[in-house]
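Asker: Sequence:
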Amino acid sequence: MNRLKILLLSLVMFLATCTKIEKVYVLPERDEIVDALHEVISSDGVFSIDGFNDGAAYFMDYSSSSLGKMTFPDTADYDIDDIKIGRQITQVFDTIIVYDVKWDSAYVDIKYRFKGNLKIVLYDIVTDSTVSSVNYIEGEVYDTTGYNIDSMYIDLYDIWLYDTTYVIDTTTAIVDSTVNWSYEDHYSAVDSTTKSFSHRTEQKAIFLRTGNSNNAAKDWKLKKITPIVFKPIDESFTISEVKLTGSGNATDVDIFNNDTADPLQTYFIRDSLPRLDYQGTLTITSVAVENENPYPEEPGELVMAHFGQGINVYKVRKGLSNSNDDGKHTGSLTVDSHGTQIYRLFIDAIDYSTIFTRSGAYNAHIWMIPYQVP
Numbered sequence: 150m151n152r153l154k155i156l157l158l159s160l161v162m163f164l165a166t167c168t169k170i171e172k173v174y175v176l177p178e179r180d181e182i183v184d185a186l187h188e189v190i191s192s193d194g195v196f197s198i199d200g201f202n203d204g205a206a207y208f209m210d211y212s213s214s215s216l217g218k219m220t221f222p223d224t225a226d227y228d229i230d231d232i233k234i235g236r237q238i239t240q241v242f243d244t245i246i247v248y249d250v251k252w253d254s255a256y257v258d259i260k261y262r263f264k265g266n267l268k269i270v271l272y273d274i275v276t277d278s279t280v281s282s283v284n285y286i287e288g289e290v291y292d293t294t295g296y297n298i299d300s301m302y303i304d305l306y307d308i309w310l311y312d313t314t315y316v317i318d319t320t321t322a323i324v325d326s327t328v329n330w331s332y333e334d335h336y337s338a339v340d341s342t343t344k345s346f347s348h349r350t351e352q353k354a355i356f357l358r359t360g361n362s363n364n365a366a367k368d369w370k371l372k373k374i375t376p377i378v379f380k381p382i383d384e385s386f387t388i389s390e391v392k393l394t395g396s397g398n399a400t401d402v403d404i405f406n407n408d409t410a411d412p413l414q415t416y417f418i419r420d421s422l423p424r425l426d427y428q429g430t431l432t433i434t435s436v437a438v439e440n441e442n443p444y445p446e447e448p449g450e451l452v453m454a455h456f457g458q459g460i461n462v463y464k465v466r467k468g469l470s471n472s473n474d475d476g477k478h479t480g481s482l483t484v485d486s487h488g489t490q491i492y493r494l495f496i497d498a499i500d501y502s503t504i505f506t507r508s509g510a511y512n513a514h515i516w517m518i519p520y521q522v523p
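In this text, residue positions in the sequence shown follow our numbering: the first is 150, and each later residue adds one.
These are computed hints drawn from the structure, not numbers from a lab.
Warning: the hint list may mix true and false statements.
To be verified - Using 35 Å as the maximum straight-line C-alpha spacing, the simulated DSBU-like pairs for lysine-lysine come out as follows:
#	residue 1	residue 2
1	K477	K373
2	K477	K251
3	K477	K353
4	K372	K353
To be verified - What follows is a list of derived Cβ distance ranges for each label pair:
#	residue 1	residue 2	range
5	G360	E446	56 to 62 Å
6	S481	N363	46 to 52 Å
7	D475	A366	46 to 52 Å
8	N461	N363	40 to 46 Å
9	I418	A205	32 to 38 Å
10	R507	Y416	40 to 46 Å
11	E188	F405	28 to 34 Å
12	R507	K380	33 to 39 Å
13	S396	N363	42 to 48 Å
14	A205	G360	44 to 50 Å
15	E447	Y427	19 to 25 Å
We put the beta carbon where it would ideally sit given N, CA and C, even for glycine.
All chains should be modelled from the sequences, with the hints used to inform the complete structure.
Answerer: Take a look at the structure:
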């Protein structure tokens, strides 16, 4: 019996000397991890839609600075420069963030819903310099005495049939003691309308656990993000391709939406986002739009690029051109700001029936790509 006790004691001591003791890391409570991830999502500019909002209707190309000053170029490279257009976001009223937390990684799906108004003002240039009185409309009949309206608009766009607003921009001159109105080289508003919109967006992100301090805010880092994709309002009108280049050390970006590619599976490394050079050029080499019901004919859509950080901070909006009428829009803009903040490029396609018809429902498709401008 004593020999058995000695044998058992020796076995226990042998096992104790051979056992490797590992430090046990305690995973923080899931709620603590989610709170830490949510703090990053709430503060990192890659998750923001700032810069998409216009606040009011403007001619197609404009820029805005921290001084609140709007500037406009002398010329434009698109065909519908006789309009003002702009969105005003009024409310973000639905936010859904889904967290799939593993031991060392977290997969996050961020969805926002917001609403607002799209304002459209149709313009024409009145060329008669001595118009003394203007009667624009009686019922649905236009009195065009004394000034020119491009008949193309009347022929193509039924917005003219439901006119509501006229704002005449004039100067006065005294000729032979008679007051005459001078309209030469002045834009005059001919019609305006406002259409409400509601957008849903989606973006995906991947976080990695990089430490074991039991402090979620320190241990979890944002690794990758996708573009923000505004869900199509109508599947017959979608962006299918965006190709971007730039001058100097700029990063080339190609994103596709087709049977084999999905922008929500296209990830950017957070610490090495696409880059643009300060005072360099961003070139939109191609934005392809699938438009199954073009109005009034091909291509049937307006495409704009919004770039910057936000209205009255730094923003440039540029209308793109479709010179080949093939649904592929191109253009470029100069980057006149830089810093550590995130810059956002919104590729914004709007159906012509939204702009030029009263009956056409709001229809648009938008992608957002984040940039750094060191």
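Asker: Work down the list of hints and note, for each, if the structure agrees.
Answerer: Structure-based check of all given hints:
At most 35 Å may separate the alpha-carbon atoms for a hinted pair to count; K477 and K373 meet this at roughly 29 Å. The suggested pairing of K477 with K251 is violated, with an alpha-carbon distance near 42 Å, which exceeds 35 Å. Taking the CA atoms of K477 and K353, the gap is near 27 Å; set against the 35 Å cutoff, the hint holds. Note on K372 and K353: the hinted pairing holds, with a Cα-Cα distance of about 11 Å set against a maximum of 35 Å.
Judged by the Cβ atoms, the range 56 to 62 Å given for G360 and E446 holds: they are separated by roughly 59 Å. Distance hint check: the CB atoms of S481 and N363 are about 50 Å apart, consistent with the given range 46 to 52 Å. For the pair D475 and A366, the supplied restraint of 46 to 52 Å holds, since their beta-carbon distance comes to about 50 Å. Checking the proposed 40 to 46 Å range against N461 and N363 shows it holds: the Cβ atoms sit about 43 Å from each other.
Between I418 and A205 the beta carbons are some 36 Å apart, a value that agrees with the proposed interval 32 to 38 Å. Here the CB-CB span from R507 to Y416 is close to 42 Å, well matched to the stated 40 to 46 Å. Remark: the range hint 28 to 34 Å for E188 to F405 is upheld by a beta-carbon distance near 33 Å. Between R507 and K380 the beta carbons are some 25 Å apart, a value that contradicts the proposed interval 33 to 39 Å.
Distance hint check for S396 and N363: the Cβ-Cβ separation is about 47 Å, which falls inside the suggested range of 42 to 48 Å. Take A205 and G360: their Cβ atoms lie about 47 Å apart, and the range 44 to 50 Å holds. Checked against the hint of 19 to 25 Å, the C-beta distance between E447 and Y427 comes to roughly 38 Å, which is inconsistent with it.
In the structure shown, a violation is registered for the earlier hints numbered 2, 12 and 15, in ascending order.
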